[in-house]
Amino acid sequence: PNMAPYIFGEKKGIHIIDLNKTVVKLDEAAAAMKNIARSGKKVLFVATKKQAKDIVADKVKPTGMPFVTEREKMEKNLGSIADLTRLPSALFIVDVVKEHIAVAEARKLGIPTFAMVDTNSDPTLVDFPIPANDDATKSIELIVDTMIAAIQEGVEERKRDKDSGTATPDEEDGDEENTGATAEKHG
1 PNMAPYIFGE
11 KKGIHIIDLN
21 KTVVKLDEAA
31 AAMKNIARSG
41 KKVLFVATKK
51 QAKDIVADKV
61 KPTGMPFVTE
71 REKMEKNLGS
81 IADLTRLPSA
91 LFIVDVVKEH
101 IAVAEARKLG
111 IPTFAMVDTN
121 SDPTLVDFPI
131 PANDDATKSI
141 ELIVDTMIAA
151 IQEGVEERKR
161 DKDSGTATPD
171 EEDGDEENTG
181 ATAEKHG
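Under my numbering, the residue at position 155 of the sequence shown is numbered 155, and the numbers go up by one with no gaps.
Careful: at least some of the hints might be erroneous.
What the hints assert, rightly or not - Using C-beta positions, here's what the derived DEER-type ranges look like: (1) G110 x T63: 21 to 27 angstroms; (2) N2 x A31: 19 to 25 angstroms; (3) D54 x V97: 31 to 37 angstroms; (4) F8 x S164: 41 to 47 angstroms; (5) F8 x R71: 16 to 22 angstroms; (6) V97 x F8: 19 to 25 angstroms; (7) I101 x G9: 29 to 35 angstroms.
I should point out that these hints are in silico values taken from the structure, not numbers from a laboratory.
For each residue, glycine too, the CB sits at the ideal point set by N, CA and C.
Make the full structure from the sequences, and use the hints.
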């Protein structure tokens with residue numbers, strides 16, 4: 001029911017997502033993602049479902065952003081994920097139903113969430129919902145590519161700002177003392 005605003009119609013019992021709304025939401029998410037990358041912060045990509053694992057690993061690795069494609073590492077402790085000395089500044093999630101633990105954890109810690117929300121999802125649980133099919137590899141690829149492009153754009157602008165001396169200090173400079181310790185309060 002919460003997905004209703006993003007549904008174009010129904011055909012043979014299958015809900016059709018309104019792609020005009022997807023474009024609007026994707027643009028909003030990309031703009032926010034670019035700003036996060038521009039400020040030198042980390043975005044953690046979470047995708048443990050079969051169709052998304054390889055896409056996310058292959059596309060995210062070159063950006064240097066952290067990602068989780070194996071369930072065990074995530075369920076043990078969201079705070080100890082490899083090369084995250086601090087909590088991520090945002091999460092990008094492929095399937096909010098499958099990754100409900102990551103969504104809940106991020107909400108508890110006040111970390112903004114970006115996610116692909118399919119017709120079976122609740123978009124209100126996510127800060128930047130992107131209505132899209134989270135089972136089709138083409139769809140996952142398109143959305144992830146757009147997010148990666150936004151991150152790369154932000155990183156490039158940051159480099160330019162640094163070269164011209166107008167960069168904002170990034171979180172490594174200590175303006176945000178936030179260690180992974182807060183993530184260890186698991187039930």
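Here is how each hint holds up against the structure:
Checked against the hint of 21 to 27 angstroms, the pair G110 and T63 passes, with Cβ atoms roughly 24 angstroms apart. Taking 19 to 25 angstroms as the suggested C-beta distance range, the pair N2 and A31 conforms, at roughly 23 angstroms. For D54 and V97, the hinted distance range of 31 to 37 angstroms is not satisfied, since their beta carbons lie about 20 angstroms from each other. Take F8 and S164: their Cβ atoms lie about 45 angstroms apart, and the range 41 to 47 angstroms holds.
Taking the beta carbon of each, F8 and R71 are about 33 angstroms apart, not inside 16 to 22 angstroms as hinted. For V97 paired with F8, a C-beta distance near 21 angstroms keeps the hint of 19 to 25 angstroms intact. Between I101 and G9 the CB atoms are about 32 angstroms apart, so this pair conforms to the stated range of 29 to 35 angstroms.
The structure fails to meet hints 3 and 5 from the earlier list, while all remaining hints are met.
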